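Novice: Sequence:
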Amino acid sequence: MWEHERLVVRTGPRSGMTTMVALHSTVAGPAVGGCRMKPYAHVADAVADVLRLSRAMTSKCAAAGVPHGGAKSVIVVDRELTPERRRAVLLDHAELIAEFGGTYRAAPDVGTGPDDMAVLNEITPFVYCLPEAHGGTGSSSGPTARGVLAALRAGARHAFGTADLAGRKVVISGFGSVGELVARGLEGADVVVSDVDASRRTGEFGWVEPEEAYTTTADVLVPAAVGGVLSPEVVRNLDVKLVVGPANNQLTEDGVAGLLAARGIVWVPDHVASAGGVVYTLAREDDGVDHETALRRVDGIEAAVGRLLRQREDSELQ
Numbered sequence: 008m009w010e011h012e013r014l015v016v017r018t019g020p021r022s023g024m025t026t027m028v029a030l031h032s033t034v035a036g037p038a039v040g041g042c043r044m045k046p047y048a049h050v051a052d053a054v055a056d057v058l059r060l061s062r063a064m065t066s067k068c069a070a071a072g073v074p075h076g077g078a079k080s081v082i083v084v085d086r087e088l089t090p091e092r093r094r095a096v097l098l099d100h101a102e103l104i105a106e107f108g109g110t111y112r113a114a115p116d117v118g119t120g121p122d123d124m125a126v127l128n129e130i131t132p133f134v135y136c137l138p139e140a141h142g143g144t145g146s147s148s149g150p151t152a153r154g155v156l157a158a159l160r161a162g163a164r165h166a167f168g169t170a171d172l173a174g175r176k177v178v179i180s181g182f183g184s185v186g187e188l189v190a191r192g193l194e195g196a197d198v199v200v201s202d203v204d205a206s207r208r209t210g211e212f213g214w215v216e217p218e219e220a221y222t223t224t225a226d227v228l229v230p231a232a233v234g235g236v237l238s239p240e241v242v243r244n245l246d247v248k249l250v251v252g253p254a255n256n257q258l259t260e261d262g263v264a265g266l267l268a269a270r271g272i273v274w275v276p277d278h279v280a281s282a283g284g285v286v287y288t289l290a291r292e293d294d295g296v297d298h299e300t301a302l303r304r305v306d307g308i309e310a311a312v313g314r315l316l317r318q319r320e321d322s323e324l325q
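To convert, take the position in the sequence shown, counting from 1, and add 7; that gives my numbering.
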């Protein structure tokens, strides 16, 4: 059963499109979470997604040690998004965010970016990651990828005895903005990528089709696309030693974590591995620290993952 403080689902008066906000928790402070804009087969699927994602944001904020709770918002794309309709639905969504009075503060997510945050900001001030020209920090993809690389170093040290992934095969499922930055940060590794958008295929990295990404023999798997990818069936067919990635809600059910452990696969929870963007953005925009200080906070994910994996190992030995 979901335990959320508030869920609002609405049809936007300008756009006629469905927009929603799920507020999971404000116990630690105002809730933060991205605005996701994508198609769903049914509105019920979008509601299930926003509830899962908002709950995961509470865990992410707790793991990052920031004084915020978790929330998420979704815009359901059910028709062609002309520039005029995109702006209309963003303004509809901004009005919904404004009704939360600052208890929910939005940021980019799948399908949205800094320019969209600027549109939201026309109605509500409770928005992160505005374009730099508007006084914000812009895209959080870079810090998110940096955090994933930090988590990968800690995971590799635990799984292989060294943080260096040079010479090891790494499969990245999802070659979007974060996945590409992770790939470029893995110097010396044998990187293979996959994406549903075949136009992203280049000769720079190896390539496998999306349906093969989770059955390819490798040292490391990086889920960097959608969530809900690690099911019991998928885990049975994995041929890797380490799974670390930024995709949210990777497990289809909590028990899958035990299946990974039983197979000897080291898994770094996604709410920790993907926290770099949240850590950096809040450091810059809430705490007012400079760029380098914020990046050092992101790099702290490596130590946090190391502690988590040691604690997990100690508990399994007891």
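Don't read these hints as lab results, they were simulated from the structure.
Quantities reported herein were computed from a predicted structural model and do not represent experimental measurements.
Among the clues, some could well be false.
[Claimed, not checked] Quick list of in silico lysine to aspartate or glutamate cross-link-like pairs, EDC-like style, CA-CA up to 20 Å:
#1 LYS176 / GLU194
#2 LYS176 / GLU260
#3 LYS45 / ASP204
#4 LYS45 / GLU91
#5 LYS248 / ASP294
#6 LYS248 / GLU309
#7 LYS176 / GLU211
#8 LYS176 / ASP226
#9 LYS176 / GLU219
#10 LYS248 / GLU292
#11 LYS176 / ASP122
#12 LYS45 / GLU12
#13 LYS248 / GLU211
#14 LYS45 / ASP171
#15 LYS45 / ASP85
#16 LYS176 / ASP197
#17 LYS248 / ASP171
#18 LYS248 / GLU139
#19 LYS45 / GLU10
#20 LYS248 / ASP226
[What the hints assert, rightly or not] If you anchor each label on the Cβ, the simulated ranges turn out as follows:
#21 PRO132 / PRO46: 23 to 33 Å
#22 ARG303 / GLY23: 40 to 50 Å
#23 ASP261 / GLU216: 43 to 53 Å
#24 ALA205 / GLU12: 40 to 50 Å
#25 GLY168 / PRO138: 18 to 28 Å
#26 PHE167 / GLU216: 22 to 32 Å
#27 PHE167 / PRO90: 14 to 24 Å
#28 THR224 / ASP294: 35 to 45 Å
#29 PRO217 / ARG270: 48 to 58 Å
We put the beta carbon where it would ideally sit given N, CA and C, even for glycine.
Novice: The hint says 40 to 50 Å between ALA205 and GLU12; measuring C-beta to C-beta, is that right?
Specialist: holds, 41 Å
Novice: Taking 14 to 24 Å as the stated bounds, is the beta-carbon spacing between PHE167 and PRO90 within them?
Specialist: Because 48 Å falls outside the window, the suggested range is violated.
Novice: Can you confirm whether the C-alpha distance between LYS176 and GLU194 stays at or below 20 Å?
Specialist: Holds: LYS176 and GLU194 sit about 12 Å apart, inside 20 Å.
Novice: Take the C-alpha atoms of LYS176 and GLU211, compute the straight-line distance between them, and say whether it is at most 20 Å.
Specialist: Holds: LYS176 and GLU211 sit about 15 Å apart, inside 20 Å.
Novice: Taking 20 Å as the top limit, are the C-alpha atoms of LYS248 and GLU211 close enough?
Specialist: violated, 24 Å
Novice: Take a quick look at whether LYS248 and GLU139 sit within 20 Å of each other, Cα to Cα.
Specialist: violated, 40 Å
Novice: Under the criterion that the straight-line Cα-Cα distance not exceed 20 Å, is the pair LYS248, ASP294 satisfied?
Specialist: violated, 38 Å
Novice: Starting from LYS248, check that the Cα of GLU292 is at most 20 Å away, please.
Specialist: Cα-Cα ~37 Å, so violated.
Novice: Starting from the hint 35 to 45 Å, judge whether the C-beta atoms of THR224 and ASP294 obey it.
Specialist: Given about 44 Å between the Cβ atoms, the range holds.
Novice: Starting from LYS45, check that the Cα of ASP171 is at most 20 Å away, please.
Specialist: With a Cα-Cα distance of about 36 Å, the restraint between LYS45 and ASP171 is violated, given a limit of 20 Å.
Novice: Honestly, do ARG303 and GLY23 meet the 40 to 50 Å range at C-beta?
Specialist: holds, 46 Å
Novice: Just tell me: holds or violated, for the beta carbon distance of PRO132 and PRO46 against 23 to 33 Å?
Specialist: Holds, at about 29 Å.
Figure legend: structure checked against the earlier numbered hints; hints not met, in rising order: 2, 5, 10, 11, 12, 13, 14, 18, 19, 23, 25, 27 and 29.
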